[in-house]
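The chain contents come next:
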Amino acid sequence: MTLKALFAASATATLLLAVPASAGQLTIGFSQIGSESGWRAAETSVSKQEAAKRKVNLKIADAQQKQENQIKAIRSFIAQNVDAIFLAPVVSTGWDSVLKEAKEAKIPVVLLDRDIDPSGKELYLTAVTSDSVHEGEVAGDWLAKAVGGKACNIVELQGTVGASVAANRKKGFDTAIAKHANLKVVRSQTGDFTRAKGKEVMESFIKAEGGGKSICAVYAHNDDMMVGAIQAMKEAGLKPGKEILTVSIDAVPDIFKAMAAGEANATVELTPNMAGPALDAIAAFKDKGTVPPKWIQTESKLYTAADDPQKIYDSKKGLGY
Amino acid sequence: MTALLPRRGLAQILALIVILAVDRIVSPQFFDLRLQDGRLFGSLIDVLNRGTPVALLSLGMVLVIATRGIDLSVGAVMAISGAIAASLADSHGLPIVLAAALGAGLICGLWNGFLVAVLGMQPIVATLILMVAGRGIAQLITEGRIVTFSSPDLVWLGNGAVLGLPMPIAIALGMLILTGAVVRGSALGLLIEATGGNARASELAGVGTRAMILAVYVWCGICAALAGVIAAADIMGADANNAGLWLELDAILAVVIGGTSLFGGRFSLVLAVLGALIIQTMNTGILLSGYPPEFNLLVKAVVVMTVLLLQSPKFSGIAGIAARLRRSKA
Chain A
14 MTLKALFAAS
24 ATATLLLAVP
34 ASAGQLTIGF
44 SQIGSESGWR
54 AAETSVSKQE
64 AAKRKVNLKI
74 ADAQQKQENQ
84 IKAIRSFIAQ
94 NVDAIFLAPV
104 VSTGWDSVLK
114 EAKEAKIPVV
124 LLDRDIDPSG
134 KELYLTAVTS
144 DSVHEGEVAG
154 DWLAKAVGGK
164 ACNIVELQGT
174 VGASVAANRK
184 KGFDTAIAKH
194 ANLKVVRSQT
204 GDFTRAKGKE
214 VMESFIKAEG
224 GGKSICAVYA
234 HNDDMMVGAI
244 QAMKEAGLKP
254 GKEILTVSID
264 AVPDIFKAMA
274 AGEANATVEL
284 TPNMAGPALD
294 AIAAFKDKGT
304 VPPKWIQTES
314 KLYTAADDPQ
324 KIYDSKKGLG
334 Y
Chain B
520 MTALLPRRGL
530 AQILALIVIL
540 AVDRIVSPQF
550 FDLRLQDGRL
560 FGSLIDVLNR
570 GTPVALLSLG
580 MVLVIATRGI
590 DLSVGAVMAI
600 SGAIAASLAD
610 SHGLPIVLAA
620 ALGAGLICGL
630 WNGFLVAVLG
640 MQPIVATLIL
650 MVAGRGIAQL
660 ITEGRIVTFS
670 SPDLVWLGNG
680 AVLGLPMPIA
690 IALGMLILTG
700 AVVRGSALGL
710 LIEATGGNAR
720 ASELAGVGTR
730 AMILAVYVWC
740 GICAALAGVI
750 AAADIMGADA
760 NNAGLWLELD
770 AILAVVIGGT
780 SLFGGRFSLV
790 LAVLGALIIQ
800 TMNTGILLSG
810 YPPEFNLLVK
820 AVVVMTVLLL
830 QSPKFSGIAG
840 IAARLRRSKA
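Heads up: the protein sequence lines correspond to chains A and B, in order. Residue numbering for the first sequence follows this note's numbering, starting at 14 and increasing by one per position. Residue numbering for the second sequence follows this note's numbering, starting at 520 and increasing by one per position.
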C-alpha cells in the first residue's frame, strides 16, 4: 500500500468514526461486569443480539470485575455523549458521583441484572432485574402441582451461604410450599452453586434418607448443583426425573440435556435477556418521553420436559453459558 | 498405652476413631455397605471417594513441606489439568488425555521448582504466582464455560470400579504405595528430610538440595494434575472457576494434621493421607448430620483445633501438669 493510499484510508476511517450515528439510530454504552460466569457470558451475547435486532449501536466495555473500570467506562461513555448507558454494577455502593455526572449530562442510566444502594434511586432511570424470591416461588408452585395431594419429602441444595440469591430462592420456595401441608423440606445443605459439591451433598442426602427411598423431590438453587445431584442419584441406582422429581433454577443448557434424557423435570429461567426490556424502555423514553417504572421485573419462565428441551438446548448452547 | 502404640500417629488415629464414632451417632447407617452396580456403596465409601482429591494433593504437598516449602498452586493446577482432560476427552484416547493432563501438571511443577530452587524465591510467593495465574489459564482453556464430555474411558476413572472399589480410591491407594516405595524404599526420603531440616548443612554434606526441591515440586504438580483429572471425571465436566478452589488449604491442613511441621524435616506420607481422611470424615459427617450449613465451617474449625492441640507438645505438657496437680490434691 502506498503512503497516499494509507493516508486516504485513515482519513476515511476517521471520517467514519467522526460522523454521528445516522438519525434515529441510538448509541448505547454498556458497562458489563466481566466474564465471572457462564450466565454473564450469555448475557453479553444476548445483549449484542438484542441490540442488533433493534439496530442499536451497543458499545460494550468489559470491566474485568472491577468497579474502577466500570466508573472509567461510564465517564468515557459520557464523554462520547452516548444516548443511554447500561450498567451491570459489580457492587451495590459507590456509584453516586459518577451517576450524578451522567445525570448532569442528561444521559439516562439503566441498571441491568443487579440493583444499587437505595440512596441512588433518583440517579437512574430504571433497573431491569429478575426477582429471585419469585424464582423460588415458581419452582415451589410447580412442585406442589406436580406432586398433587400425596406426601412429599423434599431435599434442598442451597447456594453459597450468605449469597443473597441463595437466601431469596430459599425464601420464595419455602413460601410456596408452606401452603401445602403435604410438602416438607426434610434436608437442606449448601452445595456452593457447584456441580462437585451438589453431587457430594446429594450423596450424603441419599445415605441419610435410607438410600434415597424416602426422598420424593430435589430442589436446587441452581442447575449446576442439580446436574451433580442427578449423577449422584444415578450412581445410587435411583431414577431422577421418574422416582425423584427435580426442580432447579437458571435454565443453563446442560439441564435441558438432562431433561431431554428424562432425568430432570423442571427449571426456572433466569433470563440472560436483560438488555431487551432495557432497550425497549430506552426507545420509548427517547421517542415519546415515557418514563418507565423504577423496576422492570424480567419473566421467570418455567420449563419442563413438555417444552422440547432438545431444541432449547441447541439454541442455548452457543450463547457462551 | 503409649507403650503399646507408636507415639507418632497416635493422635491422628484417635481423632479419626472419635470422628467416626460421632458420625455413627449422627447417622446410624454410617457403616452400612452394599454393592450398587458393581461398586461398593455407603457413607464410608463416600468418605474415601470424596477424600481422594485432597489425599492426592497431600501426597505431593507433604514432600514439598518436608523441604520447608509450600505449594499454594495445587488447586489451580487441578483446574488446569481438569480443563485439558475435559477438552481432549471426546476427541482423543485415554492415554493421550492422561499424558496431556499430567504433562501440564509436570510443567507447572517444574515452573514452581525452578522459581524456588533455581531463582531462590520464597515458596509461598513463588507458588502464589501460579495459584493466581493458573486459574486464569484454566478459564482460558474452557473459555469460562463448564466443558462437559461423555468419553466412557475418562468417566470410568471417576465413576468406575476395580473389585468393587471406586476408581478414585484405587488410584489414590496406588499413588500412596508408589510414592512410599520411591521415597522410603530409597534414601530419597531421608535426603528430602535433610534438605528441609538444614539446607545449607545438607548441601555441604553433598546432598543435591536443588535437585531435591525441584523433584518434590514436580511430584506435587503431577499429584495435583491427577487429582484434577479425577475431579473432572467425577462430574463429567471441567469447571475451571470452582475445580480445586481452596483445596490447597485443605491439603496443607491435611499435612499439618498428619504431624509434619511447616518448618520442614521429618514427614509421614501415611499420616498426611490420614489427615485428608480426617478432614473428609468430618465433612461427610456434617453433611449427614442435617445441621444448618451455617455451622459447617465452625464445626470444622473446632475439630481441627482439637486435633492440633492434641499434637502440641506444650499443650500435652500443660495437660500433664494439670492432671498431676489434680492427683496430688486428691
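Take these hints with a grain of salt, some might be off.
Unchecked claim - Incomplete in silico selection of chain A near chain B, CB under 8 Å:
#1 Val59
#2 Glu81
#3 Ser217
#4 Ala221
#5 Ala249
These aren't lab readings, by the way, just hints derived from the structure by calculation. Every residue gets a Cβ at the ideal spot worked out from N, C-alpha and C, and that includes glycine.
Residue hint A:Ser217, partner chain B, criterion CB-CB below 8 Å: holds (4 Å)
Less than 8 Å between beta-carbons is the criterion; does A:Ala221 satisfy it with respect to chain B? holds (5 Å)
Does the interface hint hold: is A:Glu81 within less than 8 Å of chain B, judged Cβ to Cβ? violated (19 Å)
Under 8 Å is the threshold here; is the Cβ of A:Ala249 close enough to any Cβ of chain B for the hint to stand? Since the shortest Cβ distance to chain B is 6 Å, the answer is holds.
Should the interface hint for A:Val59 be scored as holding, given a Cβ-Cβ cut-off of 8 Å against chain B? This hint is violated: A:Val59 lies away from chain B, its Cβ roughly 15 Å from the closest one there, beyond 8 Å.
Checked against the numbered hints given earlier, the structure breaks hints 1, 2 and satisfies all the rest.
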